[in-house]
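Novice: In terms of the working numbering, the first sequence opens at residue 27 and continues consecutively.
Please note that the accuracy of each hint is not assured.
EDC-like mimics (lysine to aspartate or glutamate), calculated; alpha carbons at most 16 angstroms apart, straight line [unchecked claim]:
1) Lys-608 with Glu-544
2) Lys-209 with Glu-87
3) Lys-127 with Glu-105
4) Lys-156 with Asp-199
5) Lys-216 with Glu-85
6) Lys-602 with Asp-573
7) Lys-400 with Glu-364
8) Lys-456 with Glu-255
9) Lys-604 with Glu-591
10) Lys-456 with Asp-245
11) Lys-345 with Glu-317
12) Lys-608 with Glu-593
13) Lys-156 with Asp-483
14) Lys-345 with Asp-228
15) Lys-440 with Asp-331
16) Lys-600 with Asp-586
17) Lys-385 with Glu-364
18) Lys-456 with Asp-302
19) Lys-278 with Asp-245
20) Lys-590 with Glu-617
21) Lys-608 with Glu-543
22) Lys-570 with Asp-555
23) Lys-570 with Asp-511
24) Lys-197 with Glu-593
Hints listed in this document are in silico derivations from the structure and should not be mistaken for laboratory results.
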Amino acid sequence: MRVTTSFPLGTLRDTPSEAEIISHQLLLRGGFIRRVNSGIYAYMPIMLRVIEKISSIIEKELNNNGCSKLLLPQLHPSELWKKSERWEGYTAGEGIMFNLKDRQGKEFGLAPTHEEVITSIASEIINSYKQLPLCFYQIQTKFRDEIRPRFGLMRSREFIMKDGYSFHSSKEDLSSFYGKMEKAYENIFKNCGLDTVGVDADSGSIGGAASKEFMVTADVGEDSILFTESGSYAANIEKAVSLPSDEIPLKKSKEVLFETPNQKSVIDVCQKNNLDASQIVKVVLFVAKFENKSEVPILTCIRGDQHINEVKLFNLINKKYNSNLIHLKILEDNAIIEKNLINFPLGYIGPDINDETIKNTSNWDKSWIRIADKSVSSLSSFVSGGNKINFHKVFQRFSFVEKNYLISDIRNAKKGDRISIESSEELKEKRGIEIGHIFQLGQKYSEKLNAKFSDKDGQLKSLWMGCYGIGVTRIAQAAIEQNHDENGISWPIQISPFEVLIIPTNLKDPNQKKLTEEIYKEFKSKKIDILLDDREDRAGVKFKDADLIGIPFQIIIGRDSINKEVEFLCRPSKSKIKIASKNLLEKFISESKVMYNKNS
RNA sequence: CGGGGCGUGGCGCAGCUUGGUAGCGCGGGUGCUUUGGGAGCACUAGGUCGCAGGUUCGAAUCCUGUCGCCCCGACCA
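Hey, can you work out the whole structure from these sequences and the hints?
Specialist: Structure follows, in structure tokens:
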């Protein structure tokens with residue numbers, strides 16, 4: 027490809043002000059993407075080449091694992107999503123799905139994911155266990171109406187994703203296939219030249235049993251990962267389980283109310299009364315909204331030095347109820363409190379608050395759902411709210427079980443926690459960018475969409491399913507986050523838009539021009555991915571652009587071309603050698619081979 | 001959803017407080033010079049200052065509304 031005739035670069039000298047993180051800035055400055063709207067980007071030719079390289083790495087690995095590529099529609103009829111009971115949650119509830127009506131008034135959604143469509147199709151073509159297992163995948167644009175799109179392609183409203191769905195005749199077969207996919211994912215990310223870690227993850231609204239996320243570690247990552255140094259444990263904070271630190275025993279023996287004027291927070295109460303946060307039971311209130319429109323008040327208790335994990339809480343409540351939980355919101359709005367509750371001193375609530383606090387006129391359920399974190403159930407005495415404004419209370423031998431509390435793990439694990447009673451290993455924390463996620467869905471979707479097959483015993487059974495996603499455009503940006511320097515991007519060669527860039531420093535010199543053409547032709551004839559910067563610009567301009575767009579090898583053609591000599595530069599190591607042009611191709615082949623092998 | 005900020009040529013910004021009809025750097029075009037790390041000189045094109053009202057003789061500037069975008073928060077009784 028030639029820059030002047032077929033491959034315009036479109037680099038920017040100044041960083042557009044909208045970009046905050048380095049990978050986003052470099053994507054814009056390098057002319058890889060152009061913003062069309064909030065969270066909506068055009069992928070320019072140079073970006074598309076990166077996307078295509080990542081895609082083909084994925085395809086190769088998945089095809090080797092017996093998966094078949096197809097392409098599904100992006101416009102989904104609402105009925106399909108109503109069958110899986112996700113329509114309400116994805117539109118009115120979370121609102122993540124763009125939805126629209128056609129001229130007949132029929133409702134559609136723009137697909138954020140494809141479980142419904144693929145399951146309904148699979149059920150039509152799969153009749154017998156003899157056809158299983160099967161795995162279909164596609165690489166396609168997904169749509170998600172994110173609350174706050176940000177960081178360029180990291181969280182955009184339109185993005186390219188590889189999504190795959192597997193079908194099995196048994197739980198065991200699903201589980202073994204899932205293991206194979208885990209391995210395939212590790213290969214894919216390694217083949218993209220990325221450092222990733224696999225972590226246990228929450229399966230979220232997709233649902234299902236086991237789930238694992240693949241993370242590129244980076245300070246700008248939106249997820250927190252907790253792990254042990256030895257690698258024995260790694261999990262997303264949403265999912266991570268640990269032992270909280272030991273509490274400091276409370277030395278008070280009388281059950282008394284005491285005054286705590288204007289001390290609404292744990293910190294205030296501790297500071298003014300010489301208490302430790304672990305001696306306090308914090309009461310946090312939520313309102314749960316269900317798909318059947320019912321609203322239920324939730325009362326949760328947790329040790330004062332710990333934090334509620336809303337994902338765990340959400341999943342727990344969801345499991346307990348027949349109707350789907352759509353939304354869980356912290357109760358802090360005074361208008362809502364006044365409308366639904368009576369005599370309710372927010373900030374001074376104790377675990378013994380009774381159900382009479384819920385007004386008869388409220389449309390809420392008339393009793394609190396009480397959930398206590400394991401961290402409080404063992405406390406023999408503690409301080410909590412006195413159910414009276416400006417008062418807290420010392421509790422003695424309070425029984426959460428007797429008060430109808432469900433005791434469960436609803437706590438955020440945090441760094442420094444021990445992972446188990448047997449182990450002294452402590453959790454460390456890092457930020458991560460999620461680039462892949464695999465799930466064992468089980469029969470959740472096949473049951474709802476009536477996707478059955480005949481098993482060996484002649485019985486109709488629901489298909490077992492797995493689902494596997496990779497953020498293709500996100501990989502591209504995460505790769506930059508992991509591979510850049512002060513001059514620009516330094517692509518891993520596997521996903522670089524080109525393998526090598528030729529930079530003639532002065533095309534008016536006939537010697538240079540001739541040599542440039544010779545080398546370009548030679549490389550092209552060997553099917554090497556090569557870009558020729560044939561602009562009649564000054565050398566400095568081309569050097570700057572070359573470093574910015576990050577192609578791993580540069581061939582610099584300059585004054586020495588009279589002696590048939592050029593310079594060969596390696597972008598990541600910045601090493602530069604002078605070499606006779608007749609040896610150049612051989613040198614490139616051996617050096618690029620080293621680079622491919624090093625990265626994968 | 002809450003809070004903050006910003007909309008002025010392709011990009012980065014100034015001008016707004018104190019109204020007088022738009023400017024700087026980069027980029028684009030042409031010419032000459034230059035030619036190994038974002039060149040110099042000269043000439044040149046390009047903006048109804050987000051949009052809609054209002055105040056005024058006069059609005060980028062003041063007022064009202066509206067739209068859009070960016071950033072932060074979602075740590076908590």
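Novice: Take the hints in turn and mark each one as holding or not.
Specialist: Now the hints, each set against the structure:
Among the hinted pairs, Lys-608 with Glu-544 is consistent with the structure: their alpha-carbon atoms are about 10 angstroms apart, no more than 16 angstroms. This hinted pair checks out: Lys-209 and Glu-87 have alpha carbons roughly 10 angstroms apart, not beyond 16 angstroms. A threshold of 16 angstroms between alpha carbons decides the hint, and for Lys-127 with Glu-105 the separation of about 13 angstroms falls inside it, so the pair holds. A distance of roughly 13 angstroms separates the Cα atoms of Lys-156 and Asp-199; the hinted pair therefore holds under the 16 angstroms criterion.
A distance of roughly 14 angstroms separates the Cα atoms of Lys-216 and Glu-85; the hinted pair therefore holds under the 16 angstroms criterion. With a C-alpha separation of about 13 angstroms, the suggested pair Lys-602 and Asp-573 falls inside the 16 angstroms cut-off, and the hint holds. As the CA atoms of Lys-400 and Glu-364 are separated by approximately 31 angstroms, the hinted pair breaks the 16 angstroms bound. As the CA atoms of Lys-456 and Glu-255 are separated by approximately 11 angstroms, the hinted pair is consistent with the 16 angstroms bound.
Only pairs whose Cα atoms come within 16 angstroms are accepted, and Lys-604 paired with Glu-591 is accepted, the gap being roughly 7 angstroms. This hinted pair checks out: Lys-456 and Asp-245 have alpha carbons roughly 7 angstroms apart, not beyond 16 angstroms. For the suggested pair Lys-345 and Glu-317, the alpha carbons sit about 14 angstroms apart, so the restraint of at most 16 angstroms is met. A threshold of 16 angstroms between alpha carbons decides the hint, and for Lys-608 with Glu-593 the separation of about 12 angstroms falls inside it, so the pair holds.
Between Lys-156 and Asp-483 the CA atoms are separated by roughly 12 angstroms; this keeps the pair inside 16 angstroms, and the hint holds. Distance check on the hinted pair: Lys-345 and Asp-228 sit about 14 angstroms apart at the alpha-carbon level, within 16 angstroms; holds. Restraint check for Lys-440 and Asp-331: the C-alpha separation of about 11 angstroms stays at or below 16 angstroms, so the hint holds. A C-alpha spacing of about 20 angstroms is found between Lys-600 and Asp-586, which places the hinted pair above 16 angstroms, so the restraint is violated.
For the given pair, Lys-385 sits about 9 angstroms from Glu-364 by alpha-carbon distance, which is consistent with the 16 angstroms threshold. Taken as a hint, the Lys-456 and Asp-302 pair is broken in the structure, with Cα atoms around 27 angstroms apart against an allowance of 16 angstroms. Note on Lys-278 and Asp-245: the hinted pairing is violated, with a Cα-Cα distance of about 44 angstroms set against a maximum of 16 angstroms. Annotation: proposed proximity of Lys-590 to Glu-617 is violated, straight-line Cα distance about 20 angstroms (limit 16 angstroms).
Distance restraint check for Lys-608 and Glu-543: the Cα-Cα separation of roughly 13 angstroms lies within the 16 angstroms cut-off, and the hinted pair is therefore satisfied. Taking the CA atoms of Lys-570 and Asp-555, the gap is near 20 angstroms; set against the 16 angstroms cutoff, the hint is violated. Our distance criterion of 16 angstroms between C-alpha atoms is met by Lys-570 and Asp-511, whose separation comes to about 13 angstroms. At most 16 angstroms may separate the alpha-carbon atoms for a hinted pair to count; Lys-197 and Glu-593 exceed this at roughly 58 angstroms.
When held up to the earlier numbered hints, the structure conflicts with 7, 16, 18, 19, 20, 22 and 24 and fits the remainder.
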